[in-house]
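Asks: Sequence:
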Amino acid sequence: MERYRAHSQSSSGVKPKDALVSLLVKNRSIRGYDTSYVVRADQLRRIVSVNNKLASARNRQPLRFRLVTADEASNVLPFIGMGAGLKDVKLPIEGYEPNAFIVVCSTIEPHNSTYVDLGISAQSMLLQAVEMGLNGLCIMSFDGEALVEALQLPYKPLLVIAVGKSAEKTKLVDIKADDDHSYYRENGVHYVPKVIVDDLIIE
1 MERYRAHSQS
11 SSGVKPKDAL
21 VSLLVKNRSI
31 RGYDTSYVVR
41 ADQLRRIVSV
51 NNKLASARNR
61 QPLRFRLVTA
71 DEASNVLPFI
81 GMGAGLKDVK
91 LPIEGYEPNA
101 FIVVCSTIEP
111 HNSTYVDLGI
121 SAQSMLLQAV
131 EMGLNGLCIM
141 SFDGEALVEA
151 LQLPYKPLLV
161 IAVGKSAEKT
171 KLVDIKADDD
181 HSYYRENGVH
191 YVPKVIVDDL
201 IIE
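The sequence shown begins at 1 in this note's numbering and counts up one residue at a time.
Keep in mind that the hints were calculated from the coordinates and are not lab data.
Heads up, some of the hints might be wrong.
Claimed, not checked - Distance ranges between label pairs, derived from CB positions:
#, residue 1, residue 2, range
1, Tyr191, Ser113, 17 to 23 Å
2, Lys171, Glu149, 35 to 41 Å
3, Pro110, Asp198, 33 to 39 Å
C-beta atoms are modelled at their ideal positions from N, C-alpha and C, and glycine is treated no differently.
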């Protein structure tokens, strides 16, 4: 709204880019990180802080968050997978590992509404990270039992989110609904196919 008001009061006639769309475009799944940038605990806390402002089914608010900074990253890295769709690439690539994570757990036995809460939470946290100049990756491929032991978790982990400064180039590619959806890499760029809006809408 501040940007909108500033534009309304301006005589330049230049329309500012939509803030949400800009954040969504920048919010790509990043698998390679600048290891010279160390994510701080207060940054992770700021990312998690969006959660007490979000919708939750029946307002149960079952999600809990374990912050993992660089001193504990080695307790997470051996137990995660970061790119099932890239069969010929072993990820994370050595020297480009994330050094911070948010492990999302549930205080109740997960059911459909819990996963709705999880999706809302993950997207919101990643958008907050992007607004802060960071990026992330939702990781569903992990050894839950190993993480419970390594991090002394009191609850079952549902999702691991890597957080850091991106060291990758990513690009969205328009496709038709029946085209191949697989992401791929060429010449150092990670390409992400996305179905065009016309094919998303049911006539």
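Asks: Each of the hints needs a verdict: does it hold here or not?
Replies: Verification of the hints:
1. Restraint check, Tyr191 to Ser113: a C-beta distance of roughly 34 Å breaks the suggested window 17 to 23 Å.
2. Between Lys171 and Glu149 the C-beta distance comes to about 39 Å, which sits within the given range of 35 to 41 Å.
3. Distance hint check for Pro110 and Asp198: the Cβ-Cβ separation is about 35 Å, which falls inside the suggested range of 33 to 39 Å.
Checked against the numbered hints given earlier, this structure breaks only hint 1.
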